[in-house]
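**Student:** For the sequence shown, this note's numbering begins at 1 and goes up steadily by one.
If you're looking for bench data, these hints aren't it; they were derived computationally from the structure. Since this is a predicted model, take the numbers as computed values, not measurements. Keep in mind that a hint or two might mislead.
Cross-link-like lysine-lysine pairs, in silico, DSBU-like; alpha carbons within 35 Å at most [what the hints assert, rightly or not]:
| # | residue 1 | residue 2 |
| --- | --- | --- |
| 1 | K133 | K115 |
| 2 | K196 | K120 |
| 3 | K201 | K116 |
| 4 | K201 | K113 |
| 5 | K133 | K182 |
| 6 | K182 | K201 |
| 7 | K182 | K116 |
| 8 | K196 | K182 |
| 9 | K113 | K133 |
| 10 | K189 | K116 |
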Amino acid sequence: MALNNITCLHLPLGMCPCVVTTHSSSSSNNDNVCIHLSIGVCPCSHASTSSSSKGVSPSDTIESHAPCYSSTKKRKHGQKDDTNGARKRARNVVETLRWGYSLDLMLYDDPWKIKKVLQKSDLGNMSRLLLSKDLAENLVLPVLNADERRDAESDRGTQVLILDLDTNSMHSLLFKRWGSSKSYVFIDKWVQDFVKRRHLKAGDEIGFHWDPYNHHFSFTVLQDY
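Start from the sequences and build out the full structure, keeping to the hints where you can.
**Tutor:** Next up, the structure:
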């Protein structure tokens with residue numbers, strides 16, 4: 001029976017001869033799909049038309065045809081990787097905007113985001129450590145819950161726990177907005193628990209770091225003057 005140069009039996013059966021003949025020696029089922037079935041053109045049809053002019057039998061042309069596999073699976077896998085990468089980058093941006101945490105590999109990331117070189121006004125009888133508006137609103141207020149944030153922005157203030165990593169001792173300070181200014185302060189026992197106990201002086205650089213696992217701030221003296 002001669003092959004039809006327009007249609008064939010391979011297309012209705014969903015089996016392309018370029019795949020079948022290439023893997024005929026395998027006993028397992030073949031799940032590969034070639035591009036011929038996608039475009040609705042079977043190689044045997046081309047073989048019959050070309051063989052009429054060149055004297056080549058259709059079976060010879062089919063057997064010599066190289067298998068062609070679909071790239072659909074690869075494209076879907078690539079799209080999935082792109083989606084996961086976009087989600088990861090978005091998550092990293094959110095973390096980095098606050099305390100600099102990142103899921104990407106990096107050589108070093110300084111955890112001491114709140115740094116200050118002490119002034120004489122931070123060591124006086126007012127017993128308060130002054131923080132700029134930017135540091136307070138970007139790095140302190142966001143880690144507080146709604147009630148604590150509301151109290152911190154009023155005269156009442158809110159208590160925050162601070163662990164002195166250098167001495168492994170826990171302390172509590174009152175965090176609040178400082179009067180009518182745009183600054184914030186750590187107040188209450190600042191002089192007693194930090195200035196006097198740690199012998200702090202003007203020119204010393206201190207640092208604070210938020211511990212998200214234990215929900216408290218950490219304190220250290222970064223540099224003695």
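**Student:** Can you give the numbers of the hints that this structure goes against, from lowest to highest?
**Tutor:** Failing hints: none at all.
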